[in-house]
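Combine the two chains into a complex, taking the hints into account.
Sequence lines, in order, name chains A and B.
Quick note: the first sequence uses the working numbering, first residue 42, plus one each step.
Quick note: the second sequence uses the working numbering, first residue 91, plus one each step.
Hint data in this document are derived by calculation from the structure and do not stem from the laboratory.
From a predicted model like this one, the values you see are computed outputs, not experimental measurements.
Do not take every clue at face value.
As the list claims (entries may be wrong) - Stretch by stretch, here's where chain B covers chain A in the computed footprint (C-beta under 8 Å, at least three residues):
| # | stretch |
| --- | --- |
| 1 | 87 to 94 |
| 2 | 102 to 113 |
| 3 | 166 to 178 |
| 4 | 402 to 408 |
| 5 | 413 to 422 |
Virtual Cβ for every residue (Gly too), placed ideally from N, Cα, C.
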Amino acid sequence: MHALEKLLLAKASGKSSVKTGEIVEAEVDLAEVNDLYLQVIKSFYEMGGKKVAHPERVAFVFDHYSPPPTIKAADNQKQMREFCEKMGINMLYDIGEGVCHQLLAESGLVGPGKVVIETDSHTTTLGALGSFATGVGATDLAIILLTGRLWFKVPSIVNINLDGKPPFPVMAKDVILHVLGKLKQDAAIYQAIEFTGSTLSSMEMDERFVLCNMSVEMGAKTAYIQPDEITFGFLEAMGAKREDFDVLTTDEDFAYSIVHNIDVGDLKPQIALPGSVDNVTNVEEVEGTPVTQVFIGTCTGGRLNDIKVASEILKGKSVAKNVRCIVIPASKKVFKDALKLGYVQTLIDAGAVFVTPGCGPCLGAHEGVLAPGDVCVSTSSRNFPGRMGSTQASIYIASPATAAASAIIGRITDPRKIL
Amino acid sequence: MDAIKGVVHIFGDNIDTDQIYPGRYLELTEPQDIAKHAMEGADEAFPSKVTPGDIIVAGKNFGCGSSREHAVITLLAAGVKAVIAKSFARIFYRNAINRGLCVVEIPDLDLSKIQDGLSVSVDVREGRAAFSNSYEARFVPFSEHILEIFEAGGVIPLYKSKTEER
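Extracted from the complex, chain B is given alone in its bound form (with noise of 0.2 Å):
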């Protein structure tokens, strides 16, 4: 898996699945339909500034609260690349690997280093990623077991296949 580079959108702590996906829109199913709400309930201007191969920055927690996939579908369907954060909650973390999106983990992430606008490269199978500051956060490198879900595509496509195998 190629390193992912893409320019930074910061976040804080706790952002919860209401503020990535608000509620309200659960009943539409397309992702076309789905990505016009990322991130309102945290940034209602989101949606509009928000460019294919960008990458979220945040604190501890981030998607906390409700199971919903629509929080990492709404985040790929508007070309969120990968979302770098202190922690995350475990729903969301499951899910956003089941569906390919890069989720990392860098518990002492200093976010006082990073503003929005910067551009970042992430390398997971070093665990390394290089802020265009100059500043650079080390991580544990992805395990194969997910470095297989991702380069699949997601669990979709690696099931897809295993389907047909039977």
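Chain A with its partners taken away, still in its complex shape (with noise of 0.2 Å):
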């Protein structure tokens, strides 16, 4: 058996096994709604719904309207306070905090073993902790308010091997749009992507993290690496203890249902073009096109080394003057990491603006939305047409440090020719 499957297994009842394609109903560990989702609210009522039945599982989070606004959107966030209250769920993170999944990883809740469910589809991004995480919509969630529980589809694993430490300024968004690039957006529907590999071995958590989170571009309904030293050194940088956690491993005769052996040693700063992101090619490919916009953020590139980086490249040398480059720590913890170690004082004297942590952009809501016609440099996960504003807007998907070398020219850069 899989670890996933023998987590899965161990939060589902009454069963001595579980297989691929079987449903389990399994025990949730902790359940979050975003602000994106009154529905959930909705659904809980209409499902006759009137008592949580763990709010101490459950954690709300406003970050995708932080601060709202508009008028509807703080209301929104006034009708969840009101449940919380009403409810006694205490976990309520509101606006400035952060993004759903950062905030979780950094709650010491989130680790080896647990099941964790998110009103958003980039929850596997914290499998990175050796989580089974997944996203799901208001309804399936109002399900677990009311029950405690919700139903899964055992899925089928893919395992993404990957080989060899890039070079600076490489960065694990590189790897994960090179992976993207040439397995594409359907690759992994309804299954789980396991990373394993020598690269792995010397990632940092916020690197991997990254992976995990992209996995969900690729059809994956959760991402998983093996818990090590690096997990259990950030766990309890976090104030976890070990042994709140359960580390299950995977049997040597589990049959994957495919392996991909990519070697990434030698791999160049990598861009995902307009429009979608498995269209992906080398920076250089692209470069000296005219950029309006760069983005540094989100859940997939605003946590404290995306910022680091950006800082190092972007010390001592100006934003260009056509460019509006806005940078979102990814929750309040990095932004003030970001402030301690200087990392906002080089990005502000470089011209960059910073905007309260939170999702910002990346959906097109505010905080820097696109004009039609605007060219963007974006560190988030998705460039579908319209994602951050206009339709007629183009958004490339690159790393933070391809986005600050961007920023610096105002066109688009390999980072290796700034350092």
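As structure tokens, then:
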């Protein structure tokens, strides 16, 4: 059996084994609702809900509209605050705390052996900590509020084995874009992805999260990295204890649905071209394309390491005259750490604009939406038409290093040329 | 469950949730408001031309992208009865079943044989989609588990009756 199958089995009472394709009803350790999902509360009441089964296992996070740009968004958050108060839900992360996946990673509650469900597709991020973590819609989440449980189909598992250590400034973002470009966005629909290989042994958690985060862009239900000392180093830094978690391991005879061996030792900086995140090429192929906005942030590209790399590249330099460079830390903790370490000062001196921790313009809601004709290099995860505003804008997805280098020149730039 | 009949609207591969329901309208919560932006990112004219009972036919990976349930609510509220596609993204698929939007997966669907404006009759018990130009595609019929949800009108009425029993 695979570690993920053992994990689901441990949470599904009354079974002695599980197999691929089987439906299991599993206990949920942590469920999270973000501020796009007032529908969760509506569905909860429509199903006759009166009381939340386990309020101590539920979090609400206001991140997509943080702070709210419209009366409607403000009213949605108000109704959620009232619901939390009424139901005894104490884990309410209000505006400015950060993006849900980063906050849950920092909470110390998510780690090996846990089932974590959020109303957001990028929940796969948390598989980097050895959890079974997946996103659902509003009504599924309402069922968890009602019962504490949810049904899952046991997924088949794709193994992506990454070999080699790409040289700085090539980052995890370049690695996952390269993988997406090769395997395409339907490579793992309704399957889980496990990342293995020598590339991971030197990769810190901030980078591992990026691999698991963008796994959903291949259709994956969840992503997984076997916990190791790097995992526990992170968890202990977040105040968690080893004994709070169960590390499950995969049996040696487990058969993956497919194994992809990908060598990234010589990888160059990668970029996804506008319209589709699996249309990926080397940055040097599109160098010189004029840019009007650079966005460094989100649950994919707004962690401390991302801001550190951007500040190293922008240190002592300036954002080009015709470029808006927007930086949004993924959480308040990331923001405070970046302040302490001087990255914020460096970036502001270079001409970057800082915005409250949250999702920002990633989904086209506020804080830097794009006009028709805008060209944005973004460290986020999606570049569907209209994702960040106008359908007539172009979004290139790249690493924080490429984004920062492009901000300096005002054109898409290979970061190796700046360092 | 009786056969579902309707007029076809064709879309391509990888129709993502931002095309089905652009993120800038996510703050809306009432179905009649949400319906006004159905498929707007893929075809701006769709909300004005869709009529109740219509059926969307698409390529692979329909509904990829975000977990927004708005993507299902907008189609239902605009009157779309079913989506037929070569494959679906997982969260969209779950959301659709939960809300009673009929989603039919036909991996070997031949889109070159189908045009906008044809009508189609979908029988989910038989696993058969018959188009008005006599093209016919077969698929794995719905399981009892899924039929039970559809016949209840989605998981909300289903859980409501369970909650009331307790």
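Fill in: Hints the structure fails to honour
5
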